[in-house]
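Colleague: Sequence:
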Amino acid sequence: MNRYLEELESMGVSLLIYKGEEVIYSSTSGGMKPLLEAIGDLGREMLRGSIVVDKVVGRAAALLILYMEASEVHAGVVSSTALEVLRSHALSFHYGRRVEAIRDRDGFIICPFERLVQDISDPEEAYNRIRAKISELDSGHLPSSDSFM
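Residue numbers for the sequence shown follow the numbering used here, beginning at 72 and rising by one.
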């Protein structure tokens, strides 16, 4: 395990974002919200060139990290599709364990956000789609049966 992942674990957080050697953002929340909140709170300019350390990075998270224009990513767990995205954009990455797919909390079905961006390769399009879905869920609207397809 590398130093960044060790710090993530020892601090008991799910996300750390560094600018140089300084932690500029951390979160104990899971899912996509912490990355979206970091973008909203800090802005892309501050996040450009950062190092993102995340417990779990699937395709959706990888696309958000690319949207942030981070310089590298460290993931405890990474999906095969996230690795494809990161490689295709030549982003430096390190990970602890690779899985075929990120699954939802019950472990049976593919994470809804992974399905949401499965056909997207543009980070800005992914950011807009993920942000819209989070807003929809936060507003209390029940997703339709095909909303994550």
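Don't read these hints as lab results, they were simulated from the structure. A virtual CB, placed ideally from N, CA and C, is assigned to each residue, including glycine. Just to be clear, a hint being listed does not mean it is correct.
Within a straight-line C-alpha distance of at most 27 Å, the following computed DSS-like cross-link-like pairs (lysine-lysine) qualify [said to hold, decoys possible]: (1) Lys204 to Lys104; (2) Lys90 to Lys126; (3) Lys104 to Lys126; (4) Lys204 to Lys126; (5) Lys90 to Lys104.
Computed beta-carbon distance windows for the label pairs [to be verified]: (6) Arg115 to Ser192: 27 to 35 Å; (7) Ala203 to Ile180: 18 to 26 Å; (8) Ile95 to Ser163: 28 to 36 Å.
Colleague: When you take the CB atoms of Arg115 and Ser192, is the distance between them in 27 to 35 Å?
Modeller: 19 Å, violated
Colleague: Between the alpha carbons of Lys104 and Lys126, is the straight-line distance 27 Å or under?
Modeller: 13 Å, holds
Colleague: Hinted pair, alpha-carbon criterion (27 Å max): Lys90, Lys104. Please report holds or violated.
Modeller: Distance ~20 Å between Lys90 and Lys104 Cα, so the pair holds.
Colleague: Between the beta carbons of Ile95 and Ser163, is the distance compatible with 28 to 36 Å?
Modeller: 18 Å, violated
Colleague: Hey, Lys204 versus Lys126, does the alpha-carbon distance stay inside 27 Å?
Modeller: 22 Å, holds
Colleague: Below or equal to 27 Å on CA atoms is what counts here, so check Lys204 against Lys104.
Modeller: Satisfied, since the Cα-Cα distance of roughly 11 Å is no more than 27 Å.
Colleague: Check the hint pairing Lys90 with Lys126 against an upper bound of 27 Å on the C-alpha distance.
Modeller: Holds, at roughly 18 Å.
Colleague: Quick check: does the Cβ-Cβ distance between Ala203 and Ile180 fall within 18 to 26 Å?
Modeller: 21 Å, holds
Hint violations for this structure: numbers 6, 8, all remaining hints satisfied.
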